[in-house]
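Please construct the entire structure, taking both the sequences and the accompanying hints into account.
Single-letter residue listing:
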Amino acid sequence: MSQLLAVMFDGVAFGMLLFLISVGLSVTLGMMNFTNLAHGAFAMVGGYVTFALASLAGWPFLATLPVAFLATMAIAAVFERLLFRYIYETGELNQVLFTIGFVFTASATAAYVFGTVHQSVDMPAVLTGFIELGEIKLPSYRLFLVAIALVITVGVVYGLEHTRFGAMVRASVDNQKVARGLGLNVNRIFALTFALGSGLAGLGGALAIEVLGLDPSFGFHILVLVLIVVALGGLGSVWGSFVAALCLGVFDVGGKYFVPELGSFLIYLFMVALLFFRPQGLFGKR
Amino acid sequence: MAEPLLSLRGVSAGYAESVVLNDINLDISEGSGLAVLGRNGVGKSTLIETVMGFTRLVSGSIHWRGRDITRLKPHQRAAQGIGWIPQERCVFPTLTVEENLNVVARPGSLTAARVYEIFPRLAERRQNRGSQLSGGEQQMLAIGRTLMTNPSLLLLDEPLEGLAPIVIEELGQSIAHMSGDEGMTLVLVEQHAELALEMTREAVIIERGRIVHRAPAAELRADHDTLDRYIGLNLGE
Numbered sequence: 001m002s003q004l005l006a007v008m009f010d011g012v013a014f015g016m017l018l019f020l021i022s023v024g025l026s027v028t029l030g031m032m033n034f035t036n037l038a039h040g041a042f043a044m045v046g047g048y049v050t051f052a053l054a055s056l057a058g059w060p061f062l063a064t065l066p067v068a069f070l071a072t073m074a075i076a077a078v079f080e081r082l083l084f085r086y087i088y089e090t091g092e093l094n095q096v097l098f099t100i101g102f103v104f105t106a107s108a109t110a111a112y113v114f115g116t117v118h119q120s121v122d123m124p125a126v127l128t129g130f131i132e133l134g135e136i137k138l139p140s141y142r143l144f145l146v147a148i149a150l151v152i153t154v155g156v157v158y159g160l161e162h163t164r165f166g167a168m169v170r171a172s173v174d175n176q177k178v179a180r181g182l183g184l185n186v187n188r189i190f191a192l193t194f195a196l197g198s199g200l201a202g203l204g205g206a207l208a209i210e211v212l213g214l215d216p217s218f219g220f221h222i223l224v225l226v227l228i229v230v231a232l233g234g235l236g237s238v239w240g241s242f243v244a245a246l247c248l249g250v251f252d253v254g255g256k257y258f259v260p261e262l263g264s265f266l267i268y269l270f271m272v273a274l275l276f277f278r279p280q281g282l283f284g285k286r
Numbered sequence: 287m288a289e290p291l292l293s294l295r296g297v298s299a300g301y302a303e304s305v306v307l308n309d310i311n312l313d314i315s316e317g318s319g320l321a322v323l324g325r326n327g328v329g330k331s332t333l334i335e336t337v338m339g340f341t342r343l344v345s346g347s348i349h350w351r352g353r354d355i356t357r358l359k360p361h362q363r364a365a366q367g368i369g370w371i372p373q374e375r376c377v378f379p380t381l382t383v384e385e386n387l388n389v390v391a392r393p394g395s396l397t398a399a400r401v402y403e404i405f406p407r408l409a410e411r412r413q414n415r416g417s418q419l420s421g422g423e424q425q426m427l428a429i430g431r432t433l434m435t436n437p438s439l440l441l442l443d444e445p446l447e448g449l450a451p452i453v454i455e456e457l458g459q460s461i462a463h464m465s466g467d468e469g470m471t472l473v474l475v476e477q478h479a480e481l482a483l484e485m486t487r488e489a490v491i492i493e494r495g496r497i498v499h500r501a502p503a504a505e506l507r508a509d510h511d512t513l514d515r516y517i518g519l520n521l522g523e
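Heads up: the sequence lines are chains D and H, in that order. Under our numbering, read the first sequence as residues 1 to 286, first letter to last. Under our numbering, read the second sequence as residues 287 to 523, first letter to last.
It is possible that some hints are incorrect.
Pairs of lysine to any residue residues, derived as SDA-like cross-links and limited to a Cα-Cα distance of at most 20 angstroms, are as follows [stated by the list, open to error]:
(1) D:Lys256 to D:Tyr268
(2) H:Lys359 to D:Tyr88
(3) D:Lys177 to H:Tyr301
Hints in this document: simulated from the structure, not taken from any laboratory.
So this is what it looks like as structure tokens:
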């Protein structure tokens with residue numbers, strides 16, 4: 001029983017991590033229909049920011065996290081202005097080709113600067129042990145992941161549901177043309193959302209080092225999971241991404257633990273089954 | 287005479303490869319009100335979308351208060367005071383009534399409180415989402431939402447389409463009120479020719495992308511021959 005709970009909790013923590021990395025893509029995809037396969041590369045950027053600061057410059061791990069968020073956000077904003085904004089109107093094939101090319105470039109750059117080895121960072125003592133709740137021993141890092149993801153989820157939901165900027169984002173997702181025609185600068189709203197979403201991915205990438213490790217192919221590996229979350233959750237739906245990421249995390253971890261012979265196939269079966277009945281995703285509108 | 291609020295000079299425009307509008311010349315002066323009539327698919331909506339900047343302009347120019355806005359993007363035109371009320375209402379379905387209003391608000395005398403005065407029904411439903419409203423309520427919201435941008439020109443694209451007669455009457459009064467008391471200039475694209483001509487001072491009829499008839503609205507109302515020929519509605523009875 002306690003083992004089941006521990007595995008479930010592990011899955012929840014993994015799901016939270018996936019949510020952090022995916023939520024930005026869900027919103028920007030829903031808003032501009034911009035097929036951005038480079039989203040995972042920004043998660044990798046955040047990972048390497050934390051790695052560089054913690055392992056090379058000797059910063060404490062926790063202090064690197066806000067920097068991973070802000071630096072990824074800034075880098076994403078620059079690339080949005082320099083590159084991505086020119087391909088919004090060019091069709092999905094161009095977007096897919098361009099952004100996957102961007103992941104290759106980012107990956108090669110990371111390999112050049114940091115080498116191809118698997119990197120890790122030193123965790124502070126407070127995050128390395130276990131916390132015992134009666135019979136259940138929960139790894140403190142997983143608890144930390146869940147806590148930080150919940151705080152950010154509340155922040156994202158509050159920002160989207162209760163601020164004027166959030167209403168602008170939702171209006172632009174609902175009907176981009178009408179939003180423009182009523183005076184909303186959708187391109188600027190999108191650029192900001194893109195930067196914020198990439199920043200969250202960067203933070204997720206930093207937090208993922210301890211769980212998934214970090215190497216230059218991170219942007220590719222995470223992409224599969226990110227796309228599953230977005231497809232299952234439905235485009236533009238924050239709650240959809242949250243639920244989908246949670247299910248995915250629990251299914252993946254639980255599946256690998258309890259049915260190891262099926263291993264990582266389980267999540268794909270789950271995805272196929274769900275999309276068969278709900279092709280627009282859990283909370284998707286299209 | 288003062289310069290026109292909006293003026294189109296030799297405008298040809300369309301979508302992608304097809305040109306829908308041909309050589310349109312129009313002057314709309316402040317407070318005048320223009321009814322744009324014509325059968326379905328003759329380019330009435332394209333005219334509105336061209337003023338907003340959604341179409342591909344092939345030639346010609348558009349001036350707003352004497353300033354060239356031909357190259358401005360839709361959101362910049364809206365910010366200049368051109369208030370667009372899209373066809374089929376298109377309220378933001380996931381936003382509440384209140385959010386629909388506030389999200390596009392610009393400073394001016396028209397506030398959410400004022401919109402609720404004009405449309406008391408919206409005040410009752412302010413916490414409902416756009417998708418939960420009836421057709422008539424959605425149209426009220428679409429109009430109220432555009433009013434929140436404090437425009438000096440209202441472009442209404444078939445605002446009464448598909449609504450029940452009683453709602454049409456109520457909305458017609460609100461629209462007339464806006465052009466009368468609020469001093470807004472209307473450009474009204476409408477199938478209900480009779481109603482549209484009541485609310486405006488000038489009228490044009492569009493046929494296959496060209497303006498084929500211009501007349502004061504009152505005159506056109508009495509000119510059943512012309513209306514029958516271009517619109518084919520029996521307004522006789």
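Status of the hints after comparison with the structure:
Between Lys256 (chain D) and Tyr268 (chain D) the CA atoms are separated by roughly 13 angstroms; this keeps the pair inside 20 angstroms, and the hint holds. As the CA atoms of Lys359 (chain H) and Tyr88 (chain D) are separated by approximately 16 angstroms, the hinted pair is consistent with the 20 angstroms bound. Between Lys177 (chain D) and Tyr301 (chain H), the direct Cα distance comes to roughly 15 angstroms. Compliance with the 20 angstroms bound is thereby established for this hinted pair.
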